[in-house]
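Fit chain L to the supplied structure of chain F, relying on the hints for placement.
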Amino acid sequence: MAIEIRSAPHIKTPVSVETIMRHVVWSLLPICAFFVYQYGLSALASILVVTGSCLAAERLFAATGTQSGDIRDWSAVITGLLLALSLPPAFPLWMGAVAGFVAIALGKALFGGIGFNVFNPALVGRAFAQAAFPQAIASYSPSFLPGRFTEFVPTSLAWPLMQPADLMLWLKDKQLDALAAATPLAKWKFEGVLAGAEELVTSLSGHMAVGPSPALILVCGIYLAFRRFLDWRIPAAILGSAGLTAWLLFALSPDRFPNPFFMLFSGGLILGAVYMATDMATSPVTPKGMWLYGGLIGLLTVIIRYYSGLPEGVMYAILLANAATPLIEKVTQPTPFGKSALARLGQAKRGASYPLHPGYISREDAGAVTPKKRFLPNKPKHPPKE
Amino acid sequence: MKLLSYFRGEAFQRGVHPPSCKLTADTKIRRLPFPPQVIVPLSQHIGKPPRPVVKVGQEVVRGQPIARTDDWLSVPHHAPVTGVVEFVGLRPGMRGPWIDSIVIRAHPGATQEDLWGQPQDLSDTTRDALLQAIWDTGMVGLGGAAFPTHAKLTVPKQAKVHTLVVNGCECEPYLTCDHRVMVEQADALIVGIRYAMRATGAVRAIVGIEDNKPDAAAAIGAALQRSGPAPEGDIHAELVPTKYPQGSEKMLIMALFGVEIPAGGLPVSIGMVVNNVGTLAALGQLLPRGRGLTERVVTITGPGVARPGDYIVPLGTPLRFILDYAGAKDVEARQVILGGPMMGQAAASLNVPVTKGISGVLVLRGDEAMRHEDRKIYPCIKCAECVESCPMGLNPSTLGMLAAKREYDLMGERYHLGECFECGCCSYVCPANIPLVQQFRVAKQILREKAAAEKATAK
Numbered sequence: 161m162a163i164e165i166r167s168a169p170h171i172k173t174p175v176s177v178e179t180i181m182r183h184v185v186w187s188l189l190p191i192c193a194f195f196v197y198q199y200g201l202s203a204l205a206s207i208l209v210v211t212g213s214c215l216a217a218e219r220l221f222a223a224t225g226t227q228s229g230d231i232r233d234w235s236a237v238i239t240g241l242l243l244a245l246s247l248p249p250a251f252p253l254w255m256g257a258v259a260g261f262v263a264i265a266l267g268k269a270l271f272g273g274i275g276f277n278v279f280n281p282a283l284v285g286r287a288f289a290q291a292a293f294p295q296a297i298a299s300y301s302p303s304f305l306p307g308r309f310t311e312f313v314p315t316s317l318a319w320p321l322m323q324p325a326d327l328m329l330w331l332k333d334k335q336l337d338a339l340a341a342a343t344p345l346a347k348w349k350f351e352g353v354l355a356g357a358e359e360l361v362t363s364l365s366g367h368m369a370v371g372p373s374p375a376l377i378l379v380c381g382i383y384l385a386f387r388r389f390l391d392w393r394i395p396a397a398i399l400g401s402a403g404l405t406a407w408l409l410f411a412l413s414p415d416r417f418p419n420p421f422f423m424l425f426s427g428g429l430i431l432g433a434v435y436m437a438t439d440m441a442t443s444p445v446t447p448k449g450m451w452l453y454g455g456l457i458g459l460l461t462v463i464i465r466y467y468s469g470l471p472e473g474v475m476y477a478i479l480l481a482n483a484a485t486p487l488i489e490k491v492t493q494p495t496p497f498g499k500s501a502l503a504r505l506g507q508a509k510r511g512a513s514y515p516l517h518p519g520y521i522s523r524e525d526a527g528a529v530t531p532k533k534r535f536l537p538n539k540p541k542h543p544p545k546e
Numbered sequence: 006m007k008l009l010s011y012f013r014g015e016a017f018q019r020g021v022h023p024p025s026c027k028l029t030a031d032t033k034i035r036r037l038p039f040p041p042q043v044i045v046p047l048s049q050h051i052g053k054p055p056r057p058v059v060k061v062g063q064e065v066v067r068g069q070p071i072a073r074t075d076d077w078l079s080v081p082h083h084a085p086v087t088g089v090v091e092f093v094g095l096r097p098g099m100r101g102p103w104i105d106s107i108v109i110r111a112h113p114g115a116t117q118e119d120l121w122g123q124p125q126d127l128s129d130t131t132r133d134a135l136l137q138a139i140w141d142t143g144m145v146g147l148g149g150a151a152f153p154t155h156a157k158l159t160v161p162k163q164a165k166v167h168t169l170v171v172n173g174c175e176c177e178p179y180l181t182c183d184h185r186v187m188v189e190q191a192d193a194l195i196v197g198i199r200y201a202m203r204a205t206g207a208v209r210a211i212v213g214i215e216d217n218k219p220d221a222a223a224a225i226g227a228a229l230q231r232s233g234p235a236p237e238g239d240i241h242a243e244l245v246p247t248k249y250p251q252g253s254e255k256m257l258i259m260a261l262f263g264v265e266i267p268a269g270g271l272p273v274s275i276g277m278v279v280n281n282v283g284t285l286a287a288l289g290q291l292l293p294r295g296r297g298l299t300e301r302v303v304t305i306t307g308p309g310v311a312r313p314g315d316y317i318v319p320l321g322t323p324l325r326f327i328l329d330y331a332g333a334k335d336v337e338a339r340q341v342i343l344g345g346p347m348m349g350q351a352a353a354s355l356n357v358p359v360t361k362g363i364s365g366v367l368v369l370r371g372d373e374a375m376r377h378e379d380r381k382i383y384p385c386i387k388c389a390e391c392v393e394s395c396p397m398g399l400n401p402s403t404l405g406m407l408a409a410k411r412e413y414d415l416m417g418e419r420y421h422l423g424e425c426f427e428c429g430c431c432s433y434v435c436p437a438n439i440p441l442v443q444q445f446r447v448a449k450q451i452l453r454e455k456a457a458a459e460k461a462t463a464k
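Going line by line, the protein sequences match chains F and L. Position one of the first sequence corresponds to residue 161 (my numbering), numbered consecutively onward. Position one of the second sequence corresponds to residue 6 (my numbering), numbered consecutively onward.
It is possible that part of the hints are untrue.
[Said to hold, decoys possible] The calculated lysine to aspartate or glutamate pairs, modelled on DMTMM-like cross-linking and capped at a C-alpha distance of 25 Å, are:
#, chain 1, residue 1, chain 2, residue 2
1, F, Lys499, L, Glu427
2, L, Lys449, F, Glu164
3, F, Lys499, L, Glu412
4, L, Lys60, L, Glu118
5, L, Lys381, F, Asp415
6, L, Lys27, L, Asp220
7, F, Lys490, L, Glu412
8, F, Lys490, L, Asp414
9, L, Lys410, F, Asp230
10, F, Lys490, L, Glu427
If you're looking for bench data, these hints aren't it; they were derived computationally from the structure.
Excised from the complex, chain F in its bound form (with noise of 0.2 Å):
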């Protein structure tokens, strides 16, 4: 009988770095479905090749060596697909797969692969289509279009390094208010109409220019932060901060600013604090962390939005709160156990079984001395020189 010899622990549990991903991927995929009935046949050949482009992108820097990781662990396939949630719908398919290979290529592989990234590539890749199709990427086509099932909005088919059609000459032959394809936060910044709540929080009434359902998109952060795969204080804490920040400029004049629910449910506000901010390794692993990091991104966002020249905060916000993660986290360790204030009183805390000292000992005598540790000392903190 041979056997091995290994260093305990001798078991482990079932939760890979697989299964988190493939996890991640399931709670997306009614999104993506919801989008896709929002949008027609647009929305997913969008879907599509971003995921593809990120996924040959994520396979050639996997194969020459330059990153950790493969494209079996589904990481890249979590790219792909939140990049496309975050485009419009309408998003030219060429400049879609040129976002999904940057999103991976400087997002993702010029960092050393899955762990190693600084940024979330998915905004990495959001932020270069920003800046480089910026006609494109604010130019928003109506949900629930008669016939989008069968026909593309000509803007999907333009041709690789292409400018696309002009959307509103489009809009204005089948008859639509061009409006209606303004985000509900761009008509409130350059227009101050506001968008009502049920509309907002469903995404269901027609010739919006809105993204996926925000109720939807809780839902599934819902099951994630369940199933633990999320963790829930992320966005707990950038809804609590974002939505604060927004209620007191609200008290401070109801007429310039919008209410704290508009703020909290327009736009990508939602499906950033479920599922960009919460990408693992680009937020802290402390506790504390991540409510600092949380509350950073709630903050900036509603200061972006509503000092800026730019309709939406979230993406420059995460990306500024994932560049400050590393001192975040440095400067929020947890404390040991043992070394807490309530340890170094010597109080109990409440809800304890038993009481610390029995009632027929007096606390004197109780009060004993701690004595040395007598097999492995401390180390001095300070080591006296002589």
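For chain L alone, kept in the frame of chain F given last:
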């Protein structure tokens, strides 16, 4: 029940819930036959190894001292079988290197009765005499650490002990020896607890039991009813929510009393002494009879064992004999683990004997070991599962990355590596399959060697 215990407050923060796999929780303790040959390693615990007092060719009876010591942190050994000393010298040890051992060949015809000890009355001895009697039994902590019991029960001069905590958690998966001891030897356990209370001067004793063993708590309650009130003080059995690693004394004290032992301190710094139920039950059996420790209860279990169970095993029985008896011969075993699967040590060979600190022999088949351990190792994806599970509140993710860069000094100074007690929760949960606790063991060893070298040069 789970929800209730959740609202009652967490036992201690973080920790993990591995599948319990207690295959042998309902089977009675059985006796293993005596092997033809026993191997007693001299060094089974911390401290200097005791020196042998028998010669090759000498006849010994079961229970006779075969090795004695003067070192306070060491204990004597007793002959586990009646027979003849065959060899004194090097034999394979559990960690791999060969160590000094005494080999005794059992007389095939002997009744193997314990003939050595004299019944003794310890009802009104002094504390020192009681500690001396405990020392003479050769008792060490049977939970796994094998720390000499008399040294643990000795209260330092400047400290005062008011509470004896009896550790009946047995949080490791698969192991059930403490559970069965509590159910079947509850009376002996009460006797042992009373001796320990007298030795330490404690005025109350609390048996902490995880709530997956309610029958153990009931058995102890019944035994307390039978024995009546103890003159030493109150004895209680208390259920705590099941969670690994509750068997660590710091975690158990947190669960029972809600107090953190200051870092680097021992339980005695807050007036407590923690002992394992197996240790105290054995003490309760041995002390009144004046005998030495010659056998212990060992859980022989795992998917690779045909007849798993809790067995009374003579100390020094080679693993090969045990596994043949329990039926691990015909199955393809890949790993034989001494102790539980979370902190146990893989046996270096099957000629290794059972020593005082081995609470279980776990045989894993090839397929499970395959599924869990040959997985691909990814870079750390910073999922924070390890941070969420470290009972000591460390940051294993960052520590792991520093260990890969061999920044051992930084790990010790900035990230509190010294607090790690190697429970293995981080490696257990890591989805990237990074051998975190294994790296920390190496790092701690290197830091210890470095500190020792510095101390030597300073002198």
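For each hint, the structure was consulted:
no.	hint	result
1	F:Lys499 with L:Glu427	18 Å, holds
2	L:Lys449 with F:Glu164	24 Å, holds
3	F:Lys499 with L:Glu412	23 Å, holds
4	L:Lys60 with L:Glu118	22 Å, holds
5	L:Lys381 with F:Asp415	57 Å, violated
6	L:Lys27 with L:Asp220	14 Å, holds
7	F:Lys490 with L:Glu412	16 Å, holds
8	F:Lys490 with L:Asp414	17 Å, holds
9	L:Lys410 with F:Asp230	24 Å, holds
10	F:Lys490 with L:Glu427	24 Å, holds
When the structure is compared with the earlier hints, a violation turns up for hint 5 alone.
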